[in-house]
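Those protein sequences? They're chains A and B, same order as listed. 181 is the number that the working numbering gives the last residue of the first sequence; the numbers go up by one with no jumps. 154 is the number that the working numbering gives the last residue of the second sequence; the numbers go up by one with no jumps.
The set of hints was computed from the structure by calculation and includes no laboratory data. Where a beta carbon is used, it is the ideal one built from N, C-alpha and C, also for glycine. Among the hints, a few may not be true.
[Claimed, not checked] So the derived label-pair ranges between C-beta atoms look like this:
(1) B:Glu22 with A:Pro70: 35 to 43 Å
(2) B:Leu116 with A:Phe76: 51 to 59 Å
(3) B:Thr115 with A:Ala130: 37 to 45 Å
(4) B:Ile154 with A:Gly131: 46 to 54 Å
(5) A:Val112 with B:Pro13: 39 to 47 Å
(6) A:Lys137 with B:Pro13: 48 to 56 Å
(7) A:Pro70 with B:Pro13: 41 to 49 Å
(8) B:Gln100 with A:Lys120: 17 to 25 Å
(9) A:Val112 with B:Trp8: 45 to 53 Å
[Claimed, not checked] Anything over 12 Å on all C-beta distances counts as not near chain A; from chain B, calculated:
(10) Leu2
(11) Leu67
(12) Leu110
Letter by letter, the chains look like this.
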Amino acid sequence: MTIPSMLEWIESTNLSIAIREGGLPYPIIGGVHLLAIALFGGMLLATDLRLLGWTMRSRPFSDVWHQFRPWKRVGFVIVVVTGLLLAWAEPVRLYDSPSFWVKMALFALVGVHALVFRAKVYGHPEQLDAGISSRAKLAAALSLILWAGLVVSGRLIAFDASFEPVSPSESRLTHHSPSSQ
Amino acid sequence: MLAEFFRWLVNSPWSHVINGYEWIFPAIQSLHFIGFALSIGTIAIVDLRLLGLGMRRQAPAELAADLAPWTLAGIAVMLITGPLMFSTDAVAYHFNPSFQFKMLCLMLALLFHFTLHRRAVHPDTPPIAAKLAAVTSLLLWTAVVGGGRMIAFI
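Whole structure, please, built from the sequences with the hints as guidance.
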C-alpha cells in the first residue's frame with residue numbers, strides 16, 4: 001500500500017468523514033485539544049520552572065515532580081488522542097503541510113529528550129532535592145523550548161498553503177475551518 | 001462611535017504590520033496560546049488542588065502564592081496578544097457570536113479570579129465553598145477556551 005493510497009483510505013473511513021464534515025465534532029475536538037494543552041502545559045511549565053528555580057523554591061523538587069506527574073500524564077494522553085483524531089480527519093492535507101512535519105520532528109525530539117535526561121534528571125527526582133544540577137536546568141530549558149515549538153508549529157499548520165492561503169481581502173476568522181474549503 | 005473606533009483599529013499602524021506579513025498573525029496567536037497555557041494551566045493546578053484531586057503535598061494557599069506571578073504573566077500575554085488580533089479584523093470579531101460569548105466568559109472569569117477565587121485558597125474557607133469556587137473557575141476558563149476555538153467556526 002502506497003502512502004497516498006493509505007492517506008486516502010484514512011480519509012474515506014467513517015470516523016474521518018464524521019470529524020471532517022460533521023460540523024461540530026472538529027471544533028469540539030480542537031477545543032479539547034487546546035484545553036489539554038493548557039492543563040498539560042501548565043503542569044509542564046510549573047515543573048520546568050521549578051527546575052530552573054523560578055517558582056516553588058521552598059518545595060523540594062521531588063514534591064513538585066510527584067504531585068504534577070499524574071495530571072501531566074492525563075493531559076498528555078488527551079492531547080495525543082485528540083491530536084490523532086484531528087489528524088485522522090485530514091491526513092492528505094497534513095501530509096502536504098510543512099508545519100505538520102516540523103511538529104512531528106519536534107515530537108520525536110520530545111521522546112529523545114525524555115530518554116536522554118531520564119537517567120540523571122527525571123528518573124531520580126529525590127537526588128535533585130539537595131540542589132538542582134546544571135544538567136537538570138538544561139533539561140528544563142530544552143523542555144520549555146520544545147514545548148513552545150510544538151505550540152507554534154501546531155498553530156502554523158492552519159496557515160500552511162495546503163490548508164487555506166490567507167488572502168488579505170477575506171476575513172481570517174473562518175480560514176482554518178475544514179468546512180470552509 | 002464604536003464603528004469609528006473599529007475602523008481606527010483596523011487602520012492602525014500595528015494592524016497594517018500584522019496584516020502585512022503572513023507569519024505575524026500565527027506568531028501572535030501562538031504567543032496567545034502559550035499565554036493561556038501559562039495562566040489557565042496554573043489556575044487549573046490550584047483548582048484541582050482545591051478539589052483534592054492531587055498536588056496534595058502543598059496547601060492551596062502556598063500553591064496559589066507560588067504560581068501567582070506566572071498566572072499573572074500568562075494573563076498579561078493573553079491580554080496583549082488578544083486585542084492585537086482583534087485589531088486586525090475588529091468588525092468581524094465584534095459581530096462573531098463565539099467572540100461575544102468568549103468576551104462575556106472572559107470578563108466573568110477574570111472578575112471571579114481576582115475576587116472570590118483568591119479567597120477560596122484561604123485556609124479558613126469552608127471546603128465546600130472552596131470546591132464550588134474551583135468548579136466555577138474551571139467551567140469559566142473552559143468556556144473561554146471553547147468560545148475562542150469556536151470563533152473560527154461560528
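Going through the hints against the structure:
1. B:Glu22 with A:Pro70: 35 to 43 Å: 41 Å, holds
2. B:Leu116 with A:Phe76: 51 to 59 Å: 31 Å, violated
3. B:Thr115 with A:Ala130: 37 to 45 Å: 41 Å, holds
4. B:Ile154 with A:Gly131: 46 to 54 Å: Distance hint for Ile154 of chain B, Gly131 of chain A holds at roughly 52 Å.
5. A:Val112 with B:Pro13: 39 to 47 Å: 43 Å, holds
6. A:Lys137 with B:Pro13: 48 to 56 Å: 40 Å, violated
7. A:Pro70 with B:Pro13: 41 to 49 Å: 48 Å, holds
8. B:Gln100 with A:Lys120: 17 to 25 Å: 51 Å, violated
9. A:Val112 with B:Trp8: 45 to 53 Å: 49 Å, holds
10. Leu2: 18 Å, holds
11. Leu67: 7 Å, violated
12. Leu110: 16 Å, holds
This entry does not satisfy hints 2, 6, 8, 11, going by the numbered hints stated previously.
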